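K.L.:
The chain contents come next:
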Amino acid sequence: MIAVAWALFAVLIGCGLVMRFGRGLTALEPRWAAALLVFGSGAAAGIGLTSILFFLCRMAAPGIPRLGMFLEITIFGWLVFEISRQRKTSTPDATAKALFVPWLMGAAFLAFAIVTAGMTVAWDANPQGNWDAWAIWNLRARFLVEGNLPQRAWSALLTETHPEYPLLISGAVARCWAYAGSLTEAAPIATSYLFFLSLLAMVTGGVAVYRGRTLGLLAGLALLGAPTVMHEAGFAQYADVPLACYMMGATMLILLDRPLLAGLFAGLAMWTKDDGTQFVAIFLVAIAVLRRERFAQVAMGAIPGVVVALIFKIALSPRTSMYLMGGPKAMLQRVVDGRFWQISGAFAHEIGALGFGWYHPILPLLALAIGLSFERERRRDWLFAATIPCAMLAGYFSVFLISPFPLKWHLESSLNRLLVQLWPCFVLATFVGLSRLERTVIQAPAAPVKARKKSRTS
Amino acid sequence: MLPEFSLRNKFGAAAAAVLSLWGVIEYYGFERDFHQHRDPYKIVAQFVRFEGLRAAVPGDAVLGYLSGEEPGSELAQAMFNAAQYNLAPRLLQKDKALDWTVGNFARPVDFAAVGRQYGLRVERDLGNGVILYRKEQRP
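Chains as they are written, first to last, in this note's numbering: chain U, 1 to 458; chain L, 1001 to 1139.
Chain L with its partners taken away, still in its complex shape:
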């Protein structure tokens, strides 16, 4: 003898399934629209920018870090975190000039002048706004 389910039961189960499918379609639509926000922090592009620096500095180095952006701004934060991610296992010390220091610039400035403010000289200009600075040796 097979017991039957009430109409209320059937309606509840069917409605839940249909509503869930609606949610799934909403999700797909959202991802499709979101697709235009490709790599908003340009992480993939940073791999190429920092390639030269990775080759020039040993993996266990602790490096200073300078940027031309306003400290605390979202751009400055994104640039620093992206640089740290790309240069790991090297450690970066933000807004600090150490013996070896990374300059990470989003727009053209006088890199040598920025370095001089911190007692640094340009060791290598690696292109795309990436500079390797070295501390000026005091006599």
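One chain only, chain U, in its complex shape:
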């Protein structure tokens, strides 16, 4: 339980940071959506930043594993002081009528309860998570937390466990273990569940603020109705759902005009998984093209995650990418060896396999697209939100084209998780373009004073 408490303390710090630097995120309407947004972005930011702090402290002072804890408590105290000094502002809620809000809230709570129940079943059966959870992420967390040799987490001797992978998840788990003083399996479970909550809260709260309450609740429901994503979030304990959380969060926060936070999320994506590097590149290009005026702030926000990831990759991590193996000639040979159709077939198959039985998570989105249709005025935002996952998908396709690994094995072992990473971004892109299901109440205009007088006299 102490490890879980430390995971929650990271969330508290993150929420404090978002409240302090989120440029009025708390004052958005509706209030419940703003609260979800603060919690969601705070949880992801807090877990990511405290993980970085823990990693840096372990590097700087390996003999003092709890150094980061004292720094965190100091930062938390400062945040409490800063927030208590802030003046509370709130935008009055425009009177609006929204469709089915109480019903959808009930449905969302019910869906959330069922999903959480499903996850507890998975944790009970496999508390250690799936293969990569214990063989990669939590193994490296053990190296980070135990003894005075944290650099073993990226030792070249770890040939089976990708010592070159970034360390946000391992750092977050190791931090909870170190501060709690025990290697309880509750720490990785809590970390993965908090990322799921963060993702859900940002999708629901963000869309509710941006496109109205009905669409916000439907977005949350659509995400909960993606069984493969939920299975990865609960059972696997991998880094794919945290990465999905950072990618979707960065896109959402740009749409809400919070560029500094959006940049922070993009940077943290790079420190979560190698795929995050591709995301940072695509995100920055998309910002440079479609939101040029926000580029500097986004780039500034990305600094913590990007700098730590670069230091790790350049100075610490033992290997360079195997994808460039054999040089340009061998890569070109791999591209033209007829694997295009094999990869296309695998993509089509895995997209189909996102559903279970007769159900596919695209069905709720199709129902909404037919029932609501898309708004033309939202084209620019929709283009931004949809370009990012589409470009990511194209990037993944290219990676498979040059993959030096046995292609069948590579596709089977990773493609479904890559789609899980991108599914929340596709859900967001759909909801950004949909017509609002919220209408501002039209007040009956008061009769002009002169006209009233005239009518009395006549």
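Incorrect hints may appear among the rest.
[Unchecked claim] Label pairs and their calculated CB-CB ranges: (1) 1044(L) with 281(U): 34 to 42 Å; (2) 1072(L) with 74(U): 47 to 55 Å; (3) 102(U) with 1073(L): 53 to 61 Å; (4) 1044(L) with 109(U): 28 to 36 Å; (5) 1137(L) with 2(U): 29 to 37 Å; (6) 281(U) with 1106(L): 56 to 64 Å; (7) 405(U) with 1137(L): 36 to 44 Å; (8) 1032(L) with 74(U): 40 to 48 Å; (9) 405(U) with 1006(L): 46 to 54 Å.
Don't read these hints as lab results, they were simulated from the structure. Remember, predicted model here, so these are calculated numbers, not experimental data. Note that CB positions come from ideal geometry on N, CA and C, so glycine has one too.
Let chain U serve as the given structure and place chain L on it in line with the hints.
P.N.:
Only chain L this time, still in chain U's reference frame:
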């Protein structure tokens, strides 16, 4: 004046909600059925198997690793990764005989004979197929 929503809008929203709930129920059913695959790699059981080794070898050690399983097989990989996870922060070097070497066997074999092939002698038999080997000192 309250604007109304069209029937199409209402149907779309209601259908999306119901379909999402269907997905949620499918997910729960899957996890319930998946529940029978409890700890397929026996990670929890390995904590007990390697307890003696953890107590016998210091945390900063780099150990060799031997296994009776066919190299590259899924079982051999699972056994090695599970051993590495349980023995961290000690580092294991796969299929290599160092001064101190871990033997990790899934079935009974002549542990001493396996060790001799690599110039190792059995230092301690920790039970359940876990052996601590030591390199033979050459005169």
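K.L.:
Indicate, hint by hint, whether the structure satisfies it.
P.N.:
Checked hints:
1. 1044(L) with 281(U): 34 to 42 Å: Holds - the Cβ-Cβ distance for residue 1044(L) and residue 281(U), about 41 Å, lies within 34 to 42 Å.
2. 1072(L) with 74(U): 47 to 55 Å: 50 Å, holds
3. 102(U) with 1073(L): 53 to 61 Å: For residue 1073(L) against residue 102(U), whose Cβ atoms are near 57 Å apart, the range 53 to 61 Å holds.
4. 1044(L) with 109(U): 28 to 36 Å: Hint holds: Cβ distance 33 Å, inside 28 to 36 Å.
5. 1137(L) with 2(U): 29 to 37 Å: 46 Å, violated
6. 281(U) with 1106(L): 56 to 64 Å: Check failed, 45 Å falls outside 56 to 64 Å.
7. 405(U) with 1137(L): 36 to 44 Å: 42 Å, holds
8. 1032(L) with 74(U): 40 to 48 Å: 46 Å, holds
9. 405(U) with 1006(L): 46 to 54 Å: 52 Å, holds
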